[in-house]
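With the sequences and hints as input, model every part of the structure.
Number of protein chains: 2
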Amino acid sequence: MKEKLTIIKIGGGIIDDKASLASTLDHFANLEGKKILIHGGGRLATELAGKLGVQQTLIEGRRVTDAETLKITTMVYAGWINKSMVATLVSRGVNALGVSGVDQNLIQARKRVDQGVDFGFVGDVEKVNVEVLSSWLANGITPIIAPITHDGTGQLLNTNADTIANEVAKALAREFSVTLVYSFEKSGVLLDVENESSRIQEISFTQFQELKGTKKIFAGMIPKLENAFQAIESGVDQVLIGMAQDLPNLLAGTTGTKLKYGKS
Amino acid sequence: MKEKLTIIKIGGGIIDDKASLASTLDHFANLEGKKILIHGGGRLATELAGKLGVQQTLIEGRRVTDAETLKITTMVYAGWINKSMVATLVSRGVNALGVSGVDQNLIQARKRVDQGVDFGFVGDVEKVNVEVLSSWLANGITPIIAPITHDGTGQLLNTNADTIANEVAKALAREFSVTLVYSFEKSGVLLDVENESSRIQEISFTQFQELKGTKKIFAGMIPKLENAFQAIESGVDQVLIGMAQDLPNLLAGTTGTKLKYGKS
Numbered sequence: 001m002k003e004k005l006t007i008i009k010i011g012g013g014i015i016d017d018k019a020s021l022a023s024t025l026d027h028f029a030n031l032e033g034k035k036i037l038i039h040g041g042g043r044l045a046t047e048l049a050g051k052l053g054v055q056q057t058l059i060e061g062r063r064v065t066d067a068e069t070l071k072i073t074t075m076v077y078a079g080w081i082n083k084s085m086v087a088t089l090v091s092r093g094v095n096a097l098g099v100s101g102v103d104q105n106l107i108q109a110r111k112r113v114d115q116g117v118d119f120g121f122v123g124d125v126e127k128v129n130v131e132v133l134s135s136w137l138a139n140g141i142t143p144i145i146a147p148i149t150h151d152g153t154g155q156l157l158n159t160n161a162d163t164i165a166n167e168v169a170k171a172l173a174r175e176f177s178v179t180l181v182y183s184f185e186k187s188g189v190l191l192d193v194e195n196e197s198s199r200i201q202e203i204s205f206t207q208f209q210e211l212k213g214t215k216k217i218f219a220g221m222i223p224k225l226e227n228a229f230q231a232i233e234s235g236v237d238q239v240l241i242g243m244a245q246d247l248p249n250l251l252a253g254t255t256g257t258k259l260k261y262g263k264s
Numbered sequence: 001m002k003e004k005l006t007i008i009k010i011g012g013g014i015i016d017d018k019a020s021l022a023s024t025l026d027h028f029a030n031l032e033g034k035k036i037l038i039h040g041g042g043r044l045a046t047e048l049a050g051k052l053g054v055q056q057t058l059i060e061g062r063r064v065t066d067a068e069t070l071k072i073t074t075m076v077y078a079g080w081i082n083k084s085m086v087a088t089l090v091s092r093g094v095n096a097l098g099v100s101g102v103d104q105n106l107i108q109a110r111k112r113v114d115q116g117v118d119f120g121f122v123g124d125v126e127k128v129n130v131e132v133l134s135s136w137l138a139n140g141i142t143p144i145i146a147p148i149t150h151d152g153t154g155q156l157l158n159t160n161a162d163t164i165a166n167e168v169a170k171a172l173a174r175e176f177s178v179t180l181v182y183s184f185e186k187s188g189v190l191l192d193v194e195n196e197s198s199r200i201q202e203i204s205f206t207q208f209q210e211l212k213g214t215k216k217i218f219a220g221m222i223p224k225l226e227n228a229f230q231a232i233e234s235g236v237d238q239v240l241i242g243m244a245q246d247l248p249n250l251l252a253g254t255t256g257t258k259l260k261y262g263k264s
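Here the protein sequences line up with chains S and B, keeping their order.
Be aware that the first sequence starts at 1, since it is given in this note's numbering, and climbs by one per residue.
Be aware that the second sequence starts at 1, since it is given in this note's numbering, and climbs by one per residue.
Simulated from the structure, these hints should not be mistaken for laboratory data.
Bear in mind that the values here come from a model prediction, so they are computed numbers and not experimental data.
Hints are supplied without guarantee of correctness; some may be wrong.
When chains are identical, the list treats them as one kind, so a pair holds in a single copy or across two.
Derived DSSO-like pairs (lysine-lysine); straight-line CA-CA distance at most 27 Å [what the hints assert, rightly or not]: (1) Lys111 x Lys18; (2) Lys216 x Lys18; (3) Lys111 x Lys127; (4) Lys216 x Lys258; (5) Lys215 x Lys4; (6) Lys4 x Lys111; (7) Lys212 x Lys258; (8) Lys18 x Lys51; (9) Lys127 x Lys216; (10) Lys216 x Lys4; (11) Lys215 x Lys51; (12) Lys18 x Lys212; (13) Lys18 x Lys215; (14) Lys260 x Lys212; (15) Lys2 x Lys260.
Structure follows, in structure tokens:
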């Protein structure tokens, strides 16, 4: 039987809110067994860009990354957010190692090819270094991963954290029984984004397609779910979506949205 | 016989100058055997603080670190500079792991006690985690260390990179035959800072004290040399000071300044 591995992605408002972040990190510290944390950047990068007068453009939810924005996102994600989280987790007894996709060639990406839109220094994941991740986990290390990758020639690339979570989960599914959790400030996939009680408890790929077709799912949730269904079809044991501060209940299955395997 | 370990500190203008940095990283990539790179921050943190309107104060060459400045230094040192260097080194075939003193509790520090001066979030090194460093080195990993530490309660601290190099070298001297190199944009310890040919080839602690007494040594060099002599008295095999871009000759002993062991 494969060993269990829990991969938690945290993002959205959780990172911007000190109390929510602290409670989420406490839950993460208390999780038994092998685990990986993958974080996004919250509003900090946008705020810093604003202060520095570097204009930000989002296309399809993805930041257009010019040279100055790459510097800002690398500083914020791999610098401030990553090291702050690691310091908290180490103080909670976690043997946390803060890394980006650059370190030990963890995640190689290719610069997104221009299809009418120039995304700048945005990377699409090409290869996750399973050997390095397995070796860290075998040595009792808990990786905390910032969403910066590289192209193998020394160029840093900004990469979507949901995608990184998905790719890391898929890559490790051969070796581990992986639970992948997309956690944020909402209690799950909601039929009405303003109403937490409209949460869907379980969703299949077919239901997702239907809801997408009838525009009953919040647009921001669609790439997350597409990523998540891809993961579950690629051998990831279970995918859960829900509130970061409620991690224990989310993992126990008493809250959040669980993705159903199969096409039915 | 102990295995050889080369610890290179790079700082000063090297980090700010693209060509010098590239050539230094090339030399570092080509170094045989186990090695560690420790870097400072150059002018980037000061520049970013300027752009953000965060006023900077230096006392005795050490930056007073308020909360905003801690954020800036963490972003610049552990984020942009560290990850940029790691990306370059990985592209040169180095199994580089970019870390700060926070990661896996590598370097614990205590907040400097106020002695009439409040340095803010500045840390003095308390303990270097030799087990973690040895394990990385044994696994063929090359650590690239940014000068951010923590106090064990989740608080990040800004720490002098020369001091970190010194403490890491001393901590590993029991296990390895350590060569510690302080490299920067000058060719060594100079009697006249404007004249590269005034380089001292070898210097003993007594000579250093004499030169310090007669103010023949550049003030900025004094803490570096004090650190370095402390290292050599604590079992570090040799300490070399010289030009980063000239690393092979510096290590071969044909340039730079070599510190002499003993009080004579």
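For each hint, the structure was consulted:
1. Lys111 x Lys18: between (33 Å within a copy, 22 Å between copies)
2. Lys216 x Lys18: Neither way: Lys216 and Lys18 sit 31 Å apart in one copy and 51 Å across, limit 27 Å.
3. Lys111 x Lys127: Within. Shortest intra-copy distance 13 Å satisfies the 27 Å Cα cut-off; inter-copy 41 Å does not.
4. Lys216 x Lys258: Within one copy only: 17 Å inside, 71 Å across.
5. Lys215 x Lys4: So Lys215 and Lys4 fail the 27 Å test inside a copy (36 Å) and across (64 Å) alike.
6. Lys4 x Lys111: Answer is neither; intra-copy 33 Å and inter-copy 39 Å both fail.
7. Lys212 x Lys258: within (17 Å within a copy, 69 Å between copies)
8. Lys18 x Lys51: For Lys18 and Lys51, both the intra-copy (21 Å) and inter-copy (26 Å) Cα distances are at most 27 Å.
9. Lys127 x Lys216: neither (34 Å within a copy, 55 Å between copies)
10. Lys216 x Lys4: Neither: 34 Å inside a chain and 64 Å across chains, both beyond 27 Å.
11. Lys215 x Lys51: For Lys215 and Lys51, the Cα distance exceeds 27 Å both inside one copy (36 Å) and across copies (44 Å).
12. Lys18 x Lys212: neither (33 Å within a copy, 49 Å between copies)
13. Lys18 x Lys215: Neither. Shortest intra-copy (33 Å) and inter-copy (50 Å) distances fail the 27 Å Cα cut-off.
14. Lys260 x Lys212: within (16 Å within a copy, 73 Å between copies)
15. Lys2 x Lys260: within (20 Å within a copy, 57 Å between copies)
Of the numbered hints listed earlier, those contradicted by the structure are 2, 5, 6, 9, 10, 11, 12, 13.
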